[in-house]
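My request is simple: use the sequences and hints to build the entire structure.
Each chain, written out:
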Amino acid sequence: MLFNSLTFLFLFFPLCLLVYFLFKNIQIKNIVLLFFSLVFYAWAEPVYILIMLLTILITYLFGFIIHSAKNKKFYFIISIIILVFNLFFFKYVNFFIDNVNYLFNIHLNNIKLVLPIGISFYTFQALSYLIDLYKGKIKIQKNFLSLALYISLFPQLIAGPIVRYESIEKEMIQRSHSLDDFVVGMKRFILGLSKKVILANSMGLIADTIFQEYNHYGTLLIWLAAISYTLQIYYDFSGYSDMAIGLGRIFGFHFLENFNYPYISKTITDFWRRWHISLSSWFKDYVYIPLGGSRVSPIKHVRNILIVWFLTGLWHGASWNYIIWGLYFAVFLLLEKYPLKNILKKVPNFLLHITTLFLIIISWVIFKTENLNRLLAILAKMFIYQKSNILSLITTHANLIFHFYLLLPALLFCVPVKRKKKRKLLNETLANILYVVLLIVNIIFIIGSTYNPFIYFRF
Amino acid sequence: MRFTSKKINNLFFILLLILFWSVCISSILKNQQTFNQINNRASYQIKKPSLQQILNGTYQDNLEQAISDQMPKYNYFQLFYPVSSNYINYKTLKLLNIDNKNTYIDLGKINLFNSYLVYDPHQEDALIDMKDDLDKINFIQQNTNANIYLYYINNDSNINFETNEVLPIDSYLKDNLSLNKTRIKTLAITRFSDYKQYFYKLDHHWNNKGVQKAYLEITKMMNISDTLKRKDEICFQNKKFLGSKSKSIALHHFLTEKICVDQYDYPNFTIQINHEEVPEYGTAIEQLKNMEELSYAIIYGGDYEEITFTNNDTANSKNLLIYSNSYSNSINKLLASYYKNTYVIDGRYSTTFDMVDYIQEKQIDDVLILANDMLFKDTIRWGDF
Chain B
1 MLFNSLTFLF
11 LFFPLCLLVY
21 FLFKNIQIKN
31 IVLLFFSLVF
41 YAWAEPVYIL
51 IMLLTILITY
61 LFGFIIHSAK
71 NKKFYFIISI
81 IILVFNLFFF
91 KYVNFFIDNV
101 NYLFNIHLNN
111 IKLVLPIGIS
121 FYTFQALSYL
131 IDLYKGKIKI
141 QKNFLSLALY
151 ISLFPQLIAG
161 PIVRYESIEK
171 EMIQRSHSLD
181 DFVVGMKRFI
191 LGLSKKVILA
201 NSMGLIADTI
211 FQEYNHYGTL
221 LIWLAAISYT
231 LQIYYDFSGY
241 SDMAIGLGRI
251 FGFHFLENFN
261 YPYISKTITD
271 FWRRWHISLS
281 SWFKDYVYIP
291 LGGSRVSPIK
301 HVRNILIVWF
311 LTGLWHGASW
321 NYIIWGLYFA
331 VFLLLEKYPL
341 KNILKKVPNF
351 LLHITTLFLI
361 IISWVIFKTE
371 NLNRLLAILA
381 KMFIYQKSNI
391 LSLITTHANL
401 IFHFYLLLPA
411 LLFCVPVKRK
421 KKRKLLNETL
431 ANILYVVLLI
441 VNIIFIIGST
451 YNPFIYFRF
Chain Y
1 MRFTSKKINN
11 LFFILLLILF
21 WSVCISSILK
31 NQQTFNQINN
41 RASYQIKKPS
51 LQQILNGTYQ
61 DNLEQAISDQ
71 MPKYNYFQLF
81 YPVSSNYINY
91 KTLKLLNIDN
101 KNTYIDLGKI
111 NLFNSYLVYD
121 PHQEDALIDM
131 KDDLDKINFI
141 QQNTNANIYL
151 YYINNDSNIN
161 FETNEVLPID
171 SYLKDNLSLN
181 KTRIKTLAIT
191 RFSDYKQYFY
201 KLDHHWNNKG
211 VQKAYLEITK
221 MMNISDTLKR
231 KDEICFQNKK
241 FLGSKSKSIA
251 LHHFLTEKIC
261 VDQYDYPNFT
271 IQINHEEVPE
281 YGTAIEQLKN
291 MEELSYAIIY
301 GGDYEEITFT
311 NNDTANSKNL
321 LIYSNSYSNS
331 INKLLASYYK
341 NTYVIDGRYS
351 TTFDMVDYIQ
361 EKQIDDVLIL
371 ANDMLFKDTI
381 RWGDF
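One line per chain: the protein sequences are B and Y, in this order.
When the count follows our numbering, it moves up by one through the first sequence with no breaks and lands on 459 for the last residue.
When the count follows our numbering, it moves up by one through the second sequence with no breaks and lands on 385 for the last residue.
Since the hints were made in silico from the structure, they are not lab data.
Bear in mind that the values here come from a model prediction, so they are computed numbers and not experimental data.
Virtual Cβ for every residue (Gly too), placed ideally from N, Cα, C.
Be aware that a few hints might be false.
Calculated pairs, DSS-like style, for lysine-lysine (alpha carbon to alpha carbon, straight line, at most 30 Å) [unchecked claim]:
(1) B:K170 / Y:K6
(2) Y:K7 / Y:K48
(3) B:K337 / B:K284
(4) Y:K362 / B:K29
(5) B:K187 / Y:K229
(6) Y:K73 / Y:K136
(7) Y:K229 / Y:K47
(8) B:K170 / Y:K7
(9) B:K24 / Y:K7
(10) B:K266 / B:K142
(11) B:K387 / Y:K91
(12) Y:K362 / Y:K220
(13) Y:K6 / B:K187
(14) Y:K47 / Y:K73
(15) B:K387 / Y:K94
Pairwise CB distance ranges, derived in the manner of DEER restraints [to be verified]:
(16) Y:D129 / B:V100: 54 to 64 Å
(17) Y:P72 / B:D180: 27 to 37 Å
(18) B:E257 / Y:G108: 33 to 43 Å
(19) B:K139 / Y:S22: 35 to 45 Å
(20) B:N215 / Y:S178: 38 to 48 Å
(21) B:L50 / Y:S26: 44 to 54 Å
(22) B:D180 / Y:G108: 38 to 48 Å
(23) Y:K6 / B:H67: 21 to 31 Å
(24) B:I31 / Y:P72: 29 to 39 Å
What follows is the structure in structure tokens.
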């Protein structure tokens, strides 16, 4: 199930709210949430929910073993291997097979597998629980249902943010619900939904249309596609995070922010403090720092950064372009930490902004294009000028015109807007009405895609 | 509880949400919509799930569609986005002065070509789609004594208006049908100016001029000398035309075109639709003058499995079978004016029709297959052979 589906908006979510707020007891509330979370996941993955349940069971059992065993390091390593292997098998085994075939010129068959939705997210949550438990940062969760709820909680299950157990440990046992939380959460949800349904999907249509036929278009239009994709991925991902955070707030959970206007970054380092914060902090805390972080020799520091960003790229997808994307950032992060460290302090901010944005846009082109030959061809078009026939784009794809109009609001809303601190009562009331209108507009966009008249019936 | 302005606002917001949700959810759960007028199909309804359907995902997909169809004012919800986006696209093209260019402009579901809505032209390999149906026509011809005629309507799908490349339909039909070549004729469209003359801007059907041309060519092919003479041509300038093509982009309430209807003195018919007698087929011109919106079906009559015209004014005892889709709606009465009994079968709607048996049962003398690319693409019933 997706947040931007009618089933979620009109059946699942209202029913979940109704049942959840019927009970006062927090344990019963947690059971209700767990039930709905499992239904949420099973709706899209009626078979592969078993994989998630197995992950939860393994995490729970190994939690006890790690907590009480004498040789806890051994069992900790085993549990990590099992969980990582599970992720590797479903997400990376065919990538591994393809590379082995290429390297050794053999012909092993791929395994017919479907990637279970959200496996990267819930596996990382399970891993963070076990690692923090091993380190003694958190107490063991003896209640299986509570642990299951932590891993499967539907607001953040399929697209993050990656929630650390320690950040909601207390809220699992005791949390408050208020009118304010509900309203703030709901408004955040509506904003997130708008980002996804209105802006992300429109920008995606422009990007996909041009990239699919990149051979026919010149430099200007390829850059337009790259910028559109830059906007699409931001609104898609941050939109989902907003919806997750909003939903969490409604149910009394306070998830950490996952995006902080990443496109106003002045450096790549700054960018990764603002983009998918939960993932970068996960890799920082569980890979980078255990390797020594920056408190090692420069050679080891370089090694650590390369490992972290190799894994970051790989986490995003089982394809070489994702690895290149991760290492691309590693190179610029290293440049910022070493040769350019003092130079950057002297560069005017606007120049830093433009350069960083330029590098980010290029990175998204790498991220989007799995075929490396195609990637090279697109990059060549971006940097070796070719004339663009904009009229040709409009005539071949006139249906994009409407979405072009949304480019301007998409560009405007990805930067922070100053708000007046005090609001008059009338403005607040109008704002409330506008939020509901925005919700209706989102639903119109969702439903509008179902318009497909059958022309010849009784005509 | 003290009601601060913030609390009041919060309560107001929640009330608005509850109101919106309860109106929508109650309509969805009532599950009463049975026909989706916007999309011209049966409405999806919420059904009891089966384990198999849940496991293969079809229940989830159907439920999503059902919610859309069962929303209150579903027509507004389903139309608002395509109307807004297509209207903006169309108006922008007009503003940029591109809409009247002799080039295909892709609007998503259909193209704009010099202010006409047209389909993509087929490639030559599309001809092979007709082969099965042509074999069935050959079979029928070999197993009946009726005179079989084929009139093929070329349309925008069979010609590339930019290059004027025309699909060789005429030669393909003559090479693959065992009918006498004089009994095969096509409505010749060799360039855009022909298409403009004989077809609507906003609909896939032919206009009154196309019907008139076809009528003259068909009667000549079928050796019918006693043809009806057109009495008058009545044109409507500013009526909304609910064209099939404008409907595909949800702009059927916004785009207009000049609609002309030919007036004839038809003989006195007894008309039956699916064995039930009806007073008329199509709408009289006097009634059309008072209507705000017209469509091809409103003007000429709709599609039914079987329509029968019994000509009460003719001494001719011959019977005609017209086998076609909606294209025949505008020409049925013209052809029926020559025969005693004219049977019109729309092969898309029949589940039991067998042409060989039907010809024998109804003592059909002449069979006219009025075809276009859509007829041969649709699943149509010829019989059990």
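The hints, checked one at a time:
The straight-line distance between the Cα atoms of B:K170 and Y:K6 is roughly 28 Å, inside the 30 Å bound, and the hint therefore holds. Of the supplied pair hints, the one linking Y:K7 and Y:K48 is violated, its CA atoms being roughly 41 Å apart against a limit of 30 Å. Taking the CA atoms of B:K337 and B:K284, the gap is near 16 Å; set against the 30 Å cutoff, the hint holds. For the hint pairing Y:K362 with B:K29, the CA-to-CA distance comes to about 72 Å; that exceeds 30 Å, so the pair is violated.
About 69 Å separates the Cα atoms of B:K187 and Y:K229, which puts this hinted pair outside 30 Å; it is violated. At roughly 45 Å between alpha-carbon atoms, Y:K73 and Y:K136 are farther apart than 30 Å, so this suggested pair is violated. A distance of roughly 55 Å separates the Cα atoms of Y:K229 and Y:K47; the hinted pair therefore is violated under the 30 Å criterion. Of the pairs offered as hints, the one joining B:K170 and Y:K7 holds, with about 27 Å between alpha carbons and a cut-off of 30 Å not exceeded.
For the proposed pair B:K24 and Y:K7, the alpha carbon gap of about 21 Å is at most 30 Å, so the pair holds. With a CA separation close to 45 Å, the supplied pair B:K266 and B:K142 exceeds the 30 Å bound. Restraint check for B:K387 and Y:K91: the C-alpha separation of about 27 Å stays at or below 30 Å, so the hint holds. Taken as a hint, the Y:K362 and Y:K220 pair is honoured in the structure, with Cα atoms around 24 Å apart against an allowance of 30 Å.
Distance restraint check for Y:K6 and B:K187: the Cα-Cα separation of roughly 14 Å lies within the 30 Å cut-off, and the hinted pair is therefore satisfied. Taking the CA atoms of Y:K47 and Y:K73, the gap is near 21 Å; set against the 30 Å cutoff, the hint holds. Distance restraint check for B:K387 and Y:K94: the Cα-Cα separation of roughly 25 Å lies within the 30 Å cut-off, and the hinted pair is therefore satisfied. Separation of Y:D129 from B:V100 is about 45 Å and departs from the stated range, judged on CB atoms against 54 to 64 Å.
Range check, Y:P72 to B:D180: about 30 Å between beta-carbon atoms, so the 27 to 37 Å window is met. A hinted range of 33 to 43 Å for the beta carbons of B:E257 and Y:G108 is consistent with their spacing of about 38 Å. A C-beta distance of roughly 43 Å is found between B:K139 and Y:S22, which places it inside the suggested range of 35 to 45 Å. Evaluation of the 38 to 48 Å hint for B:N215 and Y:S178 yields a pass: the beta carbon distance comes to about 47 Å.
For the pair B:L50 and Y:S26, the beta carbons lie near 36 Å from each other, so the given range of 44 to 54 Å is not met. Here the CB-CB span from B:D180 to Y:G108 is close to 44 Å, well matched to the stated 38 to 48 Å. A beta carbon spacing of about 45 Å between Y:K6 and B:H67 contradicts the range 21 to 31 Å that was offered as a hint. In this structure, B:I31 and Y:P72 meet the distance hint of 29 to 39 Å, their C-beta atoms being roughly 34 Å apart.
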